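In terms of this note's numbering, the sequence shown is residues 6 to 338.
If you're looking for bench data, these hints aren't it; they were derived computationally from the structure. These numbers were taken from a predicted model, which means no experiment stands behind them. A hint or two may mislead.
[Said to hold, decoys possible] Now the in silico label distances, taken between C-beta atoms and shown as ranges:
no.	residue 1	residue 2	range
1	V228	L97	30 to 36 Å
2	A192	D155	26 to 32 Å
3	Q114	D81	44 to 50 Å
4	D190	M132	25 to 31 Å
5	Y143	P218	16 to 22 Å
6	M84	M35	56 to 62 Å
7	A110	V77	55 to 61 Å
8	D70	L27	58 to 64 Å
Even glycine gets a Cβ: it sits at the ideal position worked out from N, Cα and C.
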Amino acid sequence: MPLAREESSPLFAGTAAGTLRLIFYLALAMVLMVLDHRNGWLWRLRYATSIVVEPVYRLASLPADGMHALGVAFADRRMLTEQNQRLREDLLLANAKLNRMSAVAEQNQRLKELLDTQRSLGLHVQMARVIGIDLGAYRHLMMINLGARDGVKTGQPVIDAHGVMGQVVDVLPNSATVMLVTDPDQALPVVIERTGLRTVAYGSRSGEQLTLPTIPMAADVRVGDKLLTSGLGGRFPQGFPVGEIRSVGPAPTGMFLEAHAMPSADLDRSDEVLLLHDLAEPVGPPPPPPSAGPPADGAPAPASTAAVPHASVPTVPTSPAKPKAAQAGVPQT
6 MPLAREESSP
16 LFAGTAAGTL
26 RLIFYLALAM
36 VLMVLDHRNG
46 WLWRLRYATS
56 IVVEPVYRLA
66 SLPADGMHAL
76 GVAFADRRML
86 TEQNQRLRED
96 LLLANAKLNR
106 MSAVAEQNQR
116 LKELLDTQRS
126 LGLHVQMARV
136 IGIDLGAYRH
146 LMMINLGARD
156 GVKTGQPVID
166 AHGVMGQVVD
176 VLPNSATVML
186 VTDPDQALPV
196 VIERTGLRTV
206 AYGSRSGEQL
216 TLPTIPMAAD
226 VRVGDKLLTS
236 GLGGRFPQGF
246 PVGEIRSVGP
256 APTGMFLEAH
266 AMPSADLDRS
276 DEVLLLHDLA
286 EPVGPPPPPP
296 SAGPPADGAP
306 APASTAAVPH
316 ASVPTVPTSP
326 AKPKAAQAGV
336 PQT
């Protein structure tokens with residue numbers, strides 16, 4: 006609704022006084038603009054005024070700034086917590102992968118050593134995995150994952166990349182039990198590499214050493230001497246490492262020297278082993294000759310075919326005057 010004449014602004018009033026006031030204000034504005042443009046007075050005034058007014062603005066914005074800071078703090082804390090949790094999980098996963106890679110590298114190294122042993126010796130071997138071990142006070146046994154179905158037989162030697170581990174003593178369809186060289190019931194014929202002295206190494210209850218209790222007093226045995234299989238007995242092939250002598254001293258009986266040796270094989274660390282199929286030839290006294298004598302019915306003994314062929318010398322019945330020649334199998338012509 007338009008204003009009434011009485012209610013109109015006095016600045017724009019239609020009277021001469023209103024017009025003069027308008028001209029005055031315009032002139033003042035022009036003067037102030039010119040002075041501000043030339044001398045910068047108003048800028049100084051605004052600068053001084055802003056110094057006074059700025060704390061008021063800051064005080065007025067404190068609630069909003071505080072709420073914003075709290076929100077950012079809680080968001081940053083939650084984000085940092087989640088990031089820290091993710092980093093910890095990544096670190097655990099990386100450590101697990103690193104440990105797994107280290108274990109795989111060690112396993113590959115052991116397998117490489119086993120393969121190198123097989124190739125260097127040129128033996129017919131069979132690789133097996135250790136699935137159990139029993140290192141008690143009275144028995145030192147190990148179980149492998151091969152059995153009768155895989156061709157494993159009782160008495161087969163078992164080695165690893167470093168030396169002799171033991172022999173198979175019990176065979177099941179899918180597994181087999183190996184008696185370690187440190188078992189108290191184990192006796193292994195060995196030879197000292199440096200001197201060639203033959204002796205026997207026995208297991209011990211400690212499960213860590215071999216005992217050589219029957220070394221002659223005058224024998225040259227030193228700490229550090231290597232023990233090898235001698236091949237006697239036909240169980241273990243000749244020349245496989247068995248252990249290293251760690252101590253030598255008089256036996257409790259005083260009649261022999263007693264030595265203690267550390268096994269060459271990694272009995273408590275090997276995960277893969279080799280079963281030998283090429284056994285040593287039996288070494289020992291010849292079998293007893295067959296018994297010679299007259300048959301039970303009193304008939305004369307036949308002539309020895311190994312001494313004289315039947316085709317060249319006929320056999321004549323023995324005379325009662327010479328019974329010994331007939332009993333010995335010598336033909337009478």
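Distance restraint evaluation - M84, M35, Cβ atoms, bounds 56 to 62 Å = Since the Cβ atoms of M84 and M35 sit about 58 Å apart, the hinted range of 56 to 62 Å holds.
| field | Cβ separation of A110 and V77, checked against the hinted range 55 to 61 Å | value | For A110 and V77 the Cβ distance comes to about 47 Å; the hint is violated.
Using the C-beta atoms of Q114 and D81, is the stated range 44 to 50 Å upheld?
Holds: the Cβ-Cβ distance is about 48 Å, inside 44 to 50 Å.
- Task: Take a look at whether the Cβ-Cβ distance between V228 and L97 falls inside 30 to 36 Å.
- Result: This hint is violated: roughly 47 Å between Cβ atoms.
(request) Given the hint of 16 to 22 Å, check if Y143 and P218 actually sit that far apart at their C-beta atoms. (result) holds, 18 Å
> Can the suggested window of 26 to 32 Å be confirmed for the beta-carbon pair A192 and D155?
Replying inline: At 27 Å between Cβs, range holds.
- Task: Using the beta carbons of D190 and M132, state whether their distance is inside 25 to 31 Å or not.
- Result: holds, 26 Å
For the hint 58 to 64 Å, verify it against the beta carbon of D70 and that of L27.
violated, 45 Å
In terms of the numbered hints stated before, the structure departs from hints 1, 7 and 8, listed from lowest to highest.
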